[in-house]
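Trainee: So you can see what is in the structure, the chains are spelled out below.
2 protein chains.
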Amino acid sequence: MVDILHRVGTTASPEAVYTALTTIDGLAGWWTEKTTEAGDDVIRFRFDRPQGEDGFDMSVLETVPGKLVHWEVVAGPEEWVGTHVRFELKQEDGYTVVLFRHEGWREPVEFMYHCSTKWATFLMSLKELTETGAGRPAPDDVRISNWH
Amino acid sequence: MVDILHRVGTTASPEAVYTALTTIDGLAGWWTEKTTEAGDDVIRFRFDRPQGEDGFDMSVLETVPGKLVHWEVVAGPEEWVGTHVRFELKQEDGYTVVLFRHEGWREPVEFMYHCSTKWATFLMSLKELTETGAGRPAPDDVRISNWH
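Residue numbers (this note's numbering), protein chains in the order written: chain A, 1 to 148; chain B, 1 to 148.
Don't take each hint at face value.
[To be verified] Label-pair ranges, simulated between beta-carbon atoms:
1. 52(A) x 74(B): 47 to 55 angstroms
2. 23(B) x 91(A): 39 to 47 angstroms
3. 146(B) x 140(A): 25 to 33 angstroms
4. 34(B) x 107(A): 22 to 30 angstroms
[Claimed, not checked] Here are some chain A residues the structure puts well away from chain B; computed CB gaps all over 10 angstroms:
5. 32
6. 48
7. 93
8. 94
9. 120
10. 133
11. 136
12. 141
It is worth saying that the hints were derived from the structure and are not from the lab. This structure is a prediction, so every number in the text was calculated from the model and none was measured. Every residue gets a Cβ at the ideal spot worked out from N, C-alpha and C, and that includes glycine.
Pulled out of the complex, with its shape left as it was, chain A reads as follows (with noise of 0.2 angstroms):
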């Protein structure tokens, strides 16, 4: 099992970046418009593809007001479904660190490392998001390559 990790720091308050977190408005501002809810505690992300839309069901196991969130795939790429995403939210130095990992990866796949990547430019946006908001959410989202 292989896990993606990674580590932001945003000047906005935990209480925001739980917002950000939490909310179907908070979701479409840094990571896809395409974000709703599906019922049950899960939340549909998609994406327009040249061959079509695709994307991620994502049901929330666990939230705790300013500290942690915590999904699991439920539906989406093969490789995704059963992995877990979280974040944790602390306070250092006047930013609000979250650390992020997306864990359970069976094998580190060439998709896995696209994802890492994309991951990475995708918390870029949530920072923006709660320090000037404006993120850059899909379909404007920062290309990265080929793979978009």
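Here the structure of chain A is known, so what remains is to put chain B in place on it, guided by the hints.
Mentor: Relative to the frame of chain A, chain B by itself:
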């Protein structure tokens, strides 16, 4: 043992990316302006920090023009020494794809989370350098948190 993985693609040629990974001018154009040769196939990378200068010395273990650059960290922070950094290059859809691995971390310490995100921003700087002629090397690198 845990690894940092990333994947970026640039519209530049494999030769141009290889040059950016194997020459002092190239490396100084995307990672840190303070890049120097230290003899015996060791390259020295330095960064100005509030507490003084620090950085990494990389021993170049293997280079295959247009294909591979492989370093071992021979001096730097304790967590880095003995780890390996690999850039594998390949062509796909008109892009030069860089598969990046910083491998051999003993523990997934918080510093590893930071370095993972920081590597993503530096690889985006490598992409920019090779596509536009201007990257974002230190000291003008992208700030991601209180740890810079």
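Trainee: Take the hints in turn and mark each one as holding or not.
Mentor: Right, here's what the structure says about each hint:
1. Hint check: residue 52(A) to residue 74(B), Cβ distance near 48 angstroms, so the stated range 47 to 55 angstroms holds.
2. Taking the beta carbon of each, residue 23(B) and residue 91(A) are about 42 angstroms apart, inside 39 to 47 angstroms as hinted.
3. Taking the beta carbon of each, residue 146(B) and residue 140(A) are about 27 angstroms apart, inside 25 to 33 angstroms as hinted.
4. Separated by about 37 angstroms at the C-beta atoms, residue 34(B) and residue 107(A) break the suggested range of 22 to 30 angstroms.
5. With a least beta-carbon separation of about 19 angstroms from chain B, residue 32(A) lies farther than 10 angstroms from that chain, consistent with its non-interface assignment.
6. No beta-carbon of chain B is positioned within 10 angstroms of the beta-carbon of residue 48(A); the least distance is around 19 angstroms.
7. Separation of residue 93(A) from chain B is inadequate, the least Cβ-Cβ distance of about 4 angstroms not exceeding the 10 angstroms criterion.
8. Residue 94(A), annotated as away from the interface, has a beta carbon of chain B within 10 angstroms; the closest lies near 7 angstroms.
9. With a minimum CB-CB distance of about 3 angstroms to chain B, residue 120(A) fails to clear the 10 angstroms threshold, and the non-interface call is violated.
10. The non-interface label for residue 133(A) is consistent with chain B: the shortest C-beta to C-beta separation is roughly 18 angstroms, beyond 10 angstroms.
11. The Cβ of residue 136(A) lies farther than 10 angstroms from every Cβ of chain B, with a closest approach of about 13 angstroms, so its non-interface assignment holds.
12. Listed as outside the interface, residue 141(A) is consistent with that label: its C-beta sits roughly 13 angstroms from the nearest C-beta of chain B, beyond the 10 angstroms cut-off.
Going down the numbered hints, you'll see the structure goes against 4, 7, 8, 9, while the others check out.
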